[in-house]
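S.K.: Given the coordinates of chain A, work out where chain B should sit on it, guided by the hints.
Residue numbers (UniProt numbering), protein chains in the order written: chain A, 1 to 388; chain B, 1 to 388.
Any given hint could be a false lead.
You can't tell identical chains apart in this list, so a pair holds if it fits in one copy or across any two.
Think about it this way: if two alpha-carbon atoms lie no more than 27 Å apart in a straight line, the pair counts; the simulated DSS-like pairs of lysine-lysine are [claimed, not checked]:
no.: 1; residue 1: Lys143; residue 2: Lys49
no.: 2; residue 1: Lys65; residue 2: Lys136
no.: 3; residue 1: Lys49; residue 2: Lys95
no.: 4; residue 1: Lys79; residue 2: Lys143
no.: 5; residue 1: Lys233; residue 2: Lys65
no.: 6; residue 1: Lys298; residue 2: Lys136
no.: 7; residue 1: Lys65; residue 2: Lys298
no.: 8; residue 1: Lys65; residue 2: Lys49
no.: 9; residue 1: Lys75; residue 2: Lys65
no.: 10; residue 1: Lys49; residue 2: Lys233
no.: 11; residue 1: Lys65; residue 2: Lys376
In case anyone wonders, no lab produced these hints; they're calculated from the structure.
There are 2 protein chains.
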Amino acid sequence: MIYPEDAEFEMRVGAFRSRMECDIAVISHSRDIYYFAGTIQPSILLIPKDGEPVMFFRMNMDKGKDETWIGDCRKGGIKEVCEIIRNYSVIGLEKDVIPLSIYESIHKRAGRDIETTDITPAILLTRMIKSRYEIKMMEEAAKISNAGHERLREALHEGISEIELAAEVEYAMRRAGHEGLLHIRRWDGFLHYGMIASGENLYIPSGYPGATITGVGMSRAASYGASSRRIRKGDLVMADIGGSYAGYHSDEARMYVVGSADELQLERYEILLEIQERVIPVMRPGNRVSDVYEAAFKVIQEHGCEEWFMGFWHYGARYLGHGIGIEIDEPPLVAPGVDIPLQEGMTLALEPKLIVPGWSGVDLEDTFLITESGAKPITFSRRDLVEV
Amino acid sequence: MIYPEDAEFEMRVGAFRSRMECDIAVISHSRDIYYFAGTIQPSILLIPKDGEPVMFFRMNMDKGKDETWIGDCRKGGIKEVCEIIRNYSVIGLEKDVIPLSIYESIHKRAGRDIETTDITPAILLTRMIKSRYEIKMMEEAAKISNAGHERLREALHEGISEIELAAEVEYAMRRAGHEGLLHIRRWDGFLHYGMIASGENLYIPSGYPGATITGVGMSRAASYGASSRRIRKGDLVMADIGGSYAGYHSDEARMYVVGSADELQLERYEILLEIQERVIPVMRPGNRVSDVYEAAFKVIQEHGCEEWFMGFWHYGARYLGHGIGIEIDEPPLVAPGVDIPLQEGMTLALEPKLIVPGWSGVDLEDTFLITESGAKPITFSRRDLVEV
Chain A
1 MIYPEDAEFE MRVGAFRSRM ECDIAVISHS RDIYYFAGTI QPSILLIPKD GEPVMFFRMN
61 MDKGKDETWI GDCRKGGIKE VCEIIRNYSV IGLEKDVIPL SIYESIHKRA GRDIETTDIT
121 PAILLTRMIK SRYEIKMMEE AAKISNAGHE RLREALHEGI SEIELAAEVE YAMRRAGHEG
181 LLHIRRWDGF LHYGMIASGE NLYIPSGYPG ATITGVGMSR AASYGASSRR IRKGDLVMAD
241 IGGSYAGYHS DEARMYVVGS ADELQLERYE ILLEIQERVI PVMRPGNRVS DVYEAAFKVI
301 QEHGCEEWFM GFWHYGARYL GHGIGIEIDE PPLVAPGVDI PLQEGMTLAL EPKLIVPGWS
361 GVDLEDTFLI TESGAKPITF SRRDLVEV
Chain B
1 MIYPEDAEFE MRVGAFRSRM ECDIAVISHS RDIYYFAGTI QPSILLIPKD GEPVMFFRMN
61 MDKGKDETWI GDCRKGGIKE VCEIIRNYSV IGLEKDVIPL SIYESIHKRA GRDIETTDIT
121 PAILLTRMIK SRYEIKMMEE AAKISNAGHE RLREALHEGI SEIELAAEVE YAMRRAGHEG
181 LLHIRRWDGF LHYGMIASGE NLYIPSGYPG ATITGVGMSR AASYGASSRR IRKGDLVMAD
241 IGGSYAGYHS DEARMYVVGS ADELQLERYE ILLEIQERVI PVMRPGNRVS DVYEAAFKVI
301 QEHGCEEWFM GFWHYGARYL GHGIGIEIDE PPLVAPGVDI PLQEGMTLAL EPKLIVPGWS
361 GVDLEDTFLI TESGAKPITF SRRDLVEV
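One chain only, chain A, in its complex shape (with noise of 0.2 Å):
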């Protein structure tokens, strides 16, 4: 395994502190401290406005210092971190994630009112835009994901169960390195390796946070991922899974029929199709982000699907994709009204999806990089619907 230089690191740190709107920020996420600080050891990074990061690790320093560039590592936790933030006046903290527990023990170390402010914004615009090394260790899981698409065309047939076909993905991804899980921004959010799942199954709205097509799971308790049903001849099969790599993500959905597909599975497939190729010539710097997500919905217009679009009714949403790298789900959200310029760097999934109630879903995801001169997908399975 190949980590990034000191170099890399002190720019990362750089490019936030450009971005700080407080005098101290008090990481503590473990996937923020990955990106800054090369480590996942149980520990809490501070990064002052002005002046060196301290690191303290609450358990195996050993471990820390050997894995981290940060020259000042100490032993320590809430109570030694508040011993250095009471000469600071606007604290940030990671709102969105760290709990309301570790908020009020800082606010009574702290010994006085406390000022606030939300770093999260500040660190996820800085993620946004890859490094080389970051960009090669996503080729690394899509060569993951691509191993999960590679097993399943080759397990795919009729009367094999939605999660007996997830069983087999998930191994060779795993055999081919995967770490685990999907790293998901989200408090009480969870993500195993993606979903798979088949028929009507793709359009059944069940409920996980963020997420368009989910199949049904196995139970209430995981109402997501994929379920015991039996896959059916003339069922479309989706399968939306991420790779894993150095904690870095590749998002790569692809659709699978058991048999012939029918003219309508393919017809709707077909637009999808369209979308991709329609959407590359957009995703170029000079153009904004929701130029992307419009690009996409001139096709669904010109199709007249509009209701069918990433969800249908109610349930519908109304974005394209997201941005991606050490989170599966990071910003931009490809979205309306979003006028972030594209740049260099950036990795993008985008996954157009038609959802049609009482008949199934079709779903196409691919991640791209942003390069000076347009998008180039990083995942590469075969794009095809797939008959097995």
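M.R.: Same frame as chain A, but now just chain B:
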């Protein structure tokens, strides 16, 4: 899939209410919502001290209403919740898991300074005693972890890597119906199917919070669990894995050796078997949780191996096990000073370990049910040091 009767849910809410130290509880952690309402559709559950519970669904209310026994289901989120809670004085929140941003949003919308208390202890104390239904679900989960251990015995051979072995074990559990994740009540905590590790990886403290033997993982981004290390003849191999069924867990660690076990391996593993044998008679109503720890520690003292028990040097932890249910790690912690009386319906995962620097480690974990007449194991894979 069979779900509990309404009467069981009403009993759960009643037991929680008798511990409530607030006027209304705002429950938003999906595991707690599942426990009280029987669904995990994105929602917020309000339980007033007096009066009927109300549930607000953010997205798919139709599926939520189908799944829950709660009569008063409405569409809404934080805004609608605040319209209700502004009529109460003390608001209960799950402070260990809900993010600061949710608290700030409630605080802002409530229109006044709100007084809050932490309801997590009351929820977890309620969840500590399992119903017959819950025990049945855990027994189903134990069949799934057993399928993992059975597959491990078939698949383990000289030269296989830890991750290849993990792929086999996880494949077998997934095919047996595993829901894909182990739920852990720890913000920023992740668990896949558990930990598989071998040889010297059994004593490397890799810093996964709260776990003693962790393995080293595939990269610094996930430095626990299976790695690419190839297993050699004579190596000890640990599989500390969990089943999941309808949201309920089993936790079960076993030890394997490639080829014949040597005397030291057998001798150290025998100490764990002796602990289990001598601790079981202590696990009966009337004794305290701390008595269970003390009985185990006495065995350790008799063998003079205090410095390796549950970790060596400052990496050591003072506990023997934990409660288990819809989260893998629930109260009570089986540790010195935990003065909770053992009660019928408690489920405890005991996991004595010896971790010897420069050598390796041994681990033996079973999930037990406390009955009127004593402790009964729920997990059931063979308990000898398996030679393959």
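S.K.: Mind listing which of the numbered hints don't hold for this structure, in increasing order?
M.R.: Violated hints (numbers, rising): 1, 4, 5, 6, 7, 10, 11; every other hint is consistent with the structure.
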